[in-house]
Each structure stands twice: as C-alpha cells, then as structure tokens.
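Visitor: Given the sequences, and given the hints that come with them, work out the whole structure.
Residue numbers (my numbering), protein chains in the order written: chain A, 45 to 497; chain B, 242 to 697.
Hints are computed from structural coordinates only; laboratory data are not their basis.
Take every hint as true, because none was put in to throw you off.
Non-contacting residues of chain A with respect to chain B, defined by C-beta distances greater than 10 Å in every case (computed):
(1) Pro71
(2) Arg76
(3) Glu78
(4) Arg89
(5) Asp127
(6) Arg275
(7) Arg440
(8) Asn475
Derived pair list, reagent style BS3-like, types lysine-lysine, alpha-carbon separation capped at 30 Å:
(9) A:Lys364 to B:Lys608
(10) B:Lys471 to A:Lys370
(11) A:Lys370 to A:Lys355
(12) A:Lys197 to B:Lys418
(13) A:Lys310 to A:Lys390
(14) B:Lys471 to B:Lys558
(15) A:Lys195 to B:Lys500
(16) B:Lys352 to B:Lys451
(17) A:Lys452 to A:Lys404
(18) B:Lys539 to B:Lys558
(19) B:Lys352 to A:Lys390
(20) A:Lys355 to A:Lys338
(21) A:Lys102 to B:Lys471
(22) A:Lys310 to A:Lys491
(23) A:Lys237 to B:Lys600
(24) B:Lys348 to A:Lys378
(25) B:Lys451 to B:Lys674
(26) A:Lys390 to B:Lys600
(27) B:Lys600 to B:Lys288
(28) B:Lys608 to A:Lys378
(29) B:Lys451 to A:Lys184
(30) A:Lys310 to A:Lys330
(31) A:Lys338 to B:Lys471
(32) B:Lys365 to B:Lys352
(33) A:Lys261 to B:Lys365
Remember, it's a predicted structure, so these values are computed and weren't measured experimentally.
We put the CB at the ideal spot given by N, CA and C, even for glycine.
This is what each chain is made of:
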Amino acid sequence: MEVLRSQRKTAESNDVVSSLPLYRSAPALEVRLEDFELYAIDRLRVLKGISDGLSRGKKPDEMEKLVDNLWRLHMRHPHSSEDRNKDIISHFVLRLVYCRTEELRRWFLSTETSLFRYRFRLQTIESQRTLMSEFNLPYKTVSNSEFENVKEKINQVARSIGQSPSSADSIFYKVPFEEVPDLVASRRVYILKGQAYVAMSQLVSLVVTQFRTLLSKALVLTNRKWTSMIREQEKDRLTPLVESLSSSYLGPDYSQPSDFAEISLKDIDQVAQSSFPLCMRHLFEKLREDHHLKHGGRMQLGLFLKGVGLKLDDALAFWKAEFSRKVGAERFDKEYAYGIRHNYGKEGKRTDYTPYSCQKIISSVPSVGDHHGCPYRHFSEENLRAALGRMGVSNRALEDVIDRVRNKHYQLACTLTFEAVHNTSCDAGINHPNQYFSDSKRILESKNPSNPA
Amino acid sequence: MAGVEVENGRDDMVIDGCENGQQPKPMQNIVAFDGVNVNYLKLYYGKFFPHADMFKWMSYGNDGKHPGCDHSYFGRREFSFTLDNDIYLRFQSFSGLSEFENAIREKCPFKIDIGPVYNVDPAKRHAYAQSGDNVFTPAERELVFDIDISDYDDVRYCCSGADVCLECWPLMTVAIKVIDSALRDDFGFNHILWVYSGRRGVHCWVCDGKARRLNNEQRSAIADYFRVYKGNENSHKKVSLTGQALHPFLVRAYNDVLKTAFEEKLLLSQNLLSHEERYETILRMIPDESLTSELRAKWGDNRRSKDINTVRWQQLKQLLQSGRQKFQGLRRCVEEIVFSFTYPRIDMEVSRHMNHLLKAPFCIHPKTGRVCVPIDPKNCEEFDPLAVPTLSKLLEELNVESPQSRGHNDWDRTSLGDSVRFFQSSFLQPLLKSCKEEIESSYGAKLQESKNSMSW
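Guide: Structure, rendered in structure tokens:
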C-alpha cells in the first residue's frame, strides 16, 4: 500500500468476489494521506461501537443489527465502487496502529473478529460458501447413516439452545473440537470423541476461527515490521499519525495517576465513601469486613487504587492491615505481598499493569466467594437495590438505574448512579472506574474548594 | 451462605501429618512450615519420591533413541520450587534425570510446581528477551483442572474452608466422575491423571499430545463447556439451566452421576432438608411463591422421622414435576437444585492459561504432610482422603523391618507402593506407548514429506 500526499485517485480492482475481504495481504493501492486518517477514524467508530455493544452484553442478533447499522453509517463511500477499498485500506491502517503493544493487539483482534463474524452472518448463503472455499476448510460432511446414529443427540443440542430440531436434509460437518472453540464453550454443538458435529448454519464459527488465527499472526508480523522499519522510515509522516490514532480514541488508560495523584491512607475511607464507583466501593467494604479478597478482587481493587494514586508502600500497608487480621502478617508477607508488588511492576516480568476498564470488569466472570465484577451486571436485583440505597441513591433515580440494568446497559446504569450521587450530569458516560473517581473528585473539589481533600 | 458455621464436632481430623505421637527422635530447629520436618522431607526425596517416573512422564517419550525424539523437550519445562523460609524459585529447568533428581534432593523443596514447556530453555529466557517480543512463550502444557472443596462451602454443612471429611468428599468424587467421562467420551482424551491435592481437593492432568498443544482459547472453551455455575457471592441463582432441553453432556452427568449422588448421599449426609434453615436455602431456588408456601406448610410441623430428608425431597419433586406445572422453568427447578448441590466447580483460571503452575503429583502437602497420590477415576468412590499416607507414617513403615519386603524400592515396602504402581501401570505405561507411536508416525510423515519434495 502506497500512501500519497497528492490528490491522485487510484483505480480499484474489479475482480471482487465477495463483499467481505479476508485482508490476506496489503493491497497494491495508492492512498491519499487524508484518506489514510479519515478511513481509519471511520473504521474505529465501527470497532468502538462493537466493543461498547459487547460490553453491554448484547445478544448475537442484537449485535448483528448493530454491526449492520454501524457499517452503513460509517463505512459507506460516496462512490460505492470505493466501498471495498475503504474497507481494506482502513483495516490495514488500523493494523499498523494496533500492532504495537500486546494490549492494543488484543483489543483490535477481538473487535475485528467480532466485526468479521457479524458481517459474515449478514452475507448471502452463496457468498458464505465462496468465503468458506477461500479458506480451504478440509471438513467432511456427515453421511446419512452416521447422521442417524447421532441424530437424537444433535436434536437434543438444538433444543437446548432453543432451535427447532434439524430436518433430515440439513448438512452437518465433523470438525475437530479445537477448531470451533466458541461453539464448545457455549455447548452449542454435540461432541463425540473429539469431533464436533457442526451444522451448516454454525459454520460462521469455523470461518471466524480461521480469520482470527490469520489476523493474529499477521498482527505479530506487522509489529515486527513496524519496530524494525516503518517507525523509523515514516517518522516524519505516518508515525505521528499512527501514534495519535490509538490514544486519541481509546481514551486514557489510567496507568499513571494524574490529576489527583496521591491519596493517603488516612483519607482512603472517606474517599471511598465519596468517590469510588460501586464496584470498587463494594470490594473495599468487603475487604474491610472480611479482611480478605480472592484473587480477582485483589486485582480489580488493587490496580484501581494504584490508578487512584496509592503508592506502593501505602498499598502494601493497606492490604497488610486487613489481611493480617485474617491470615496473619507472616502469611501476608509470604503469599500476598508479591502480588501487590507485581501489580506495581516490581516483580515478575515487571510490567506496570493498567487498572481494569469497565469493559474488562463487565466481561469478567466472578464465581463462588468472589466480589469483583460489575455490580450492575453481577449482583441480583435485590442486592443491587440495597447497595444503591446505601450509596444514597434516591428511589426515583434507583428505578432508572434498575431499568438500565434490565436492558443490560451496565455503564449507563453506573453513569446514572454517578449523576444521582453527585447531583450533576455526566454527559461523557462512565467508561472506566478511575474516570468515575477523577470526575467525582473534580466535582467535589469544585463544590468545596476551601476544603482540600 | 447461611449455616456454614454449623458445629461439626470432628476434632479427630488430623491436619498435621506429624502429630501422631510416634515421631522418631525429635530434632531441633529444623521444623518448618506447619509440621513438615526438613529432615523427613530429605528422606522422602531420597527414598520415596519417584524421580525416574516423573522424568519419564515429563519427557513424553523424547528421552528415547528414536531419531524423531526432541532431546530438548524435558529441558524446556519449567519447574518451580518453594523452599524453606518461603523462598520461591521459578523457571528451574533440568537437562536430564540426574540433574532433576539431584536438584530435588539437594534443594529439598517443600513444594514442587510444574509449569509449561516453553519454546526455549526457561533458565535462559533473559538471553532471548533482547531479541524482540513474544520470543519466550509457552509451547506445550497439559490441560489441567483444579477443584477445591472450599469452593463448595455454600452446599456443605459438615466442614468449611480447607477442611474435608467423608461426608463432603463425595462432592469431589462426583467432580472426578463427571469431568473424567466427558474428557474421554466427548473430547476423546485418553491419558488422564487424577491426583489428590494433599488437602482440600483434586487436580487433573490431561496429557494427550492433542491436549498439551491446545492454545489458551481452546482451553477456555473446554473449561466453559464444563461450567454451569454462574452465581457469585452477590446473586442468588447459582445454576441456571435454560432452553427446552439440556445438552447431552449435562443429561448424562445428571442421569449417571449427579442424581444418585444427590439422592443417595448428599441429601442425607448433609441433611439438606432436615430443618428450616437448610430447606429455606433450597426453597429460595424455587421461583413460585404458592409452591414454596405449600411445601413450607407441609414441612412446618417438625415431626422427626428417620428419613425426613428423603420424604421431603420426594414431596418437593412431586409438586414441581406434577402435570399441573405448566411452566418448563418449574420442572427444570428440580434439576437446578441437584446441579447446585452436586455439579463440579472448577477453578476456571487454572485451566484457561498455559502458564499456570500446578503442584506436582507425589509432593508432600506442606500443611497436612499427606502425599499427593494419584486417584483411580474408575474406583474413585473408594478413595478416602483421610487414609492417604502421611510423610511420618511412611517413615514409620520403613522403620518396621519386614522380612517379606517385595521389591528393592523403598516405596515398595510402604503404603505408597500401591500409588506408585498404579501411576506406572495405569497412567505412565499406556502414555509412553502412545507417545512412542506418535513420535514414530510424525517422524515417518516428515521423512515422506522431504522425499516428496525431492522428487521434482
């Protein structure tokens, strides 16, 4: 792909088979520098929309609709013949933008894969077949006699996921279970001796896995090229563009405490009361109550506190004060202190870990004995009502919050809680617990400037 | 979480393996952790620990002479040692059996953990760190499962936390049966090792080549396949079964294992319906007020009969499954209750990631002194965690000279003998046989390939 400053236009290729490209190799196209950036921003809008949709827990058919709308809204080119070029160019630009760190790669890989999944579902059967053949999938169909043997089980699976039993002429493929992990994870296939019986209509899962694998490998390669050549070669032209694209859109990651840096141990209880979002307040209270939190809780609260500005020494003192009441100071030093230093990048591979975003917290899976996760998603309604009551959310606001929760808009529910507690509006919405915290501090300080925190 | 605190009166559970009064000469200043004696541990690693078998296992046939063997294989495996004073050594690796054995004897670790096989020798990882990212990564790892009985505290009343007894251990038996049969029948794995974790649960090692090469996403998928338990501390519903039917795997688990375990064992041993506080826990899982009040009325008159749990369970089942319950949800409720009280709860994070460490079999649990012995899944009902040999018991047995000593190995003369023999004959030998076949056939295929590529 060649990036040009000039206004020259390029000819598009005409041998398009399917409207859904696999992005196997960078196209031999010339791109204007303005388009380079504009296309990428348009695609980012789509990807961000997808990632928001997923974090709100939207169901597959809702996602399909969402993706369809987002694509129409942002990715249509005034000349429809340019649609495909815009698609391909924007993909490769973002590949460059998001190849640079593990975190960026993970986000890009998972949202691009979702985008591909729902776009594939929206294709016609014919076009799906064409795409299938482009991947050269070597799977055999299940013969009639074999089908008779497993028919009952296959129908059982169909009923378990609310589908009608398959008719006699439906086609099934026998696929090693490793290749359809999402169908296995949600028990949407019958598995026998390592072979999953995948219906034609479930093939999307197969194709998506292939797509994901290709993209994952490609991202690592792109990263190598970026670090070894492109960054230096393009340091006056593309590099600044690429570097600004990723940060401008995903927002701050709160890995470095910024505005209200340094909270001290003596204020922490008061600050927790006034400015922690419910997820962190809950962990904080449980820690004070039980003098213990399981791993997921320690991570979620610990990294949040780091983002809030609690220094390593204070963090160690804070956790030790609680844990030693339950397990003794010695066991704390032996078993738990490492994890806290690790979070601050002082142990292990010495990565300075970033606090969890709402998206990550909402998609976590708390289990027995766990208190982490997003209360709006993971609490029963009864517990959520009680917790909101304790935060001082009035009855009317509380009903609004519960209403959002029922519709799975967990971040909106949190935003409404923020507004109710602070008696102000929060137009940007809540995307990160540390954002909740800093917005809260800002509001409280502007209300009460004479009283330093 | 009501009722976990119920008095259990089971003070006879020996937690500390070295406190049964018959210790050999007490030695000073060498007792570390909660009772495992460093000198005893030295003896254990000298006389009992099956170094050679562990080496054979972790080599997966690559220690042979066949040209297809990868001789770097064992040396790329991470071991980690927890030493006295809690010194934790990660990324230990060994080139061969003698280095492995000597390191264990010399360092005398309180705990040995096994990590993945990396793409390069983990001891030299820093040398590779300079050359860009993603270079030092796990290449292979057994698919592992970790099940702790402390995760069942809301459904057992006899013990809590790390304690176990014969009343609640059947929960582990259920877990072994359900997961073992699915790993074999559904996923087609053959080389599966179950191990008592030494205190409060069981570990499972799936060692087929295919299992060792699964990526993290595939591991997560299998772990999720096993997950029905969606509750956490802050929400009631622990198990939610939706849809018109259950997945065949869940049907089989229910019919073959869960139902019987619930009705014949746990219902009675845990007295799940015997008094109000407990049956309320179950009634809360039924989403229909009129039915629960009907049952409450029946059960309120506290008459004590011998099989009150069974009687009440029958009444509950009859009411929920009778023809007048139009709603699928209510019929499903009986299954949900059984699943909640019996279905395995695995620690998902352990299974999801290749680089999770797990304690090696045949370690001594530092808190209980018990050996982490293999469990035979075919006869797991017979496994009694309280009968597992402790380190001090083994040493005692060794001291009693027996004239009819069966073999030349020290473990052979003690109660560890059966465990080691089981490990060898039921797990290691079949595993090595199939490893050998796999190495030969993939070598053959490679040869064929290179021949083909020459034939232009």
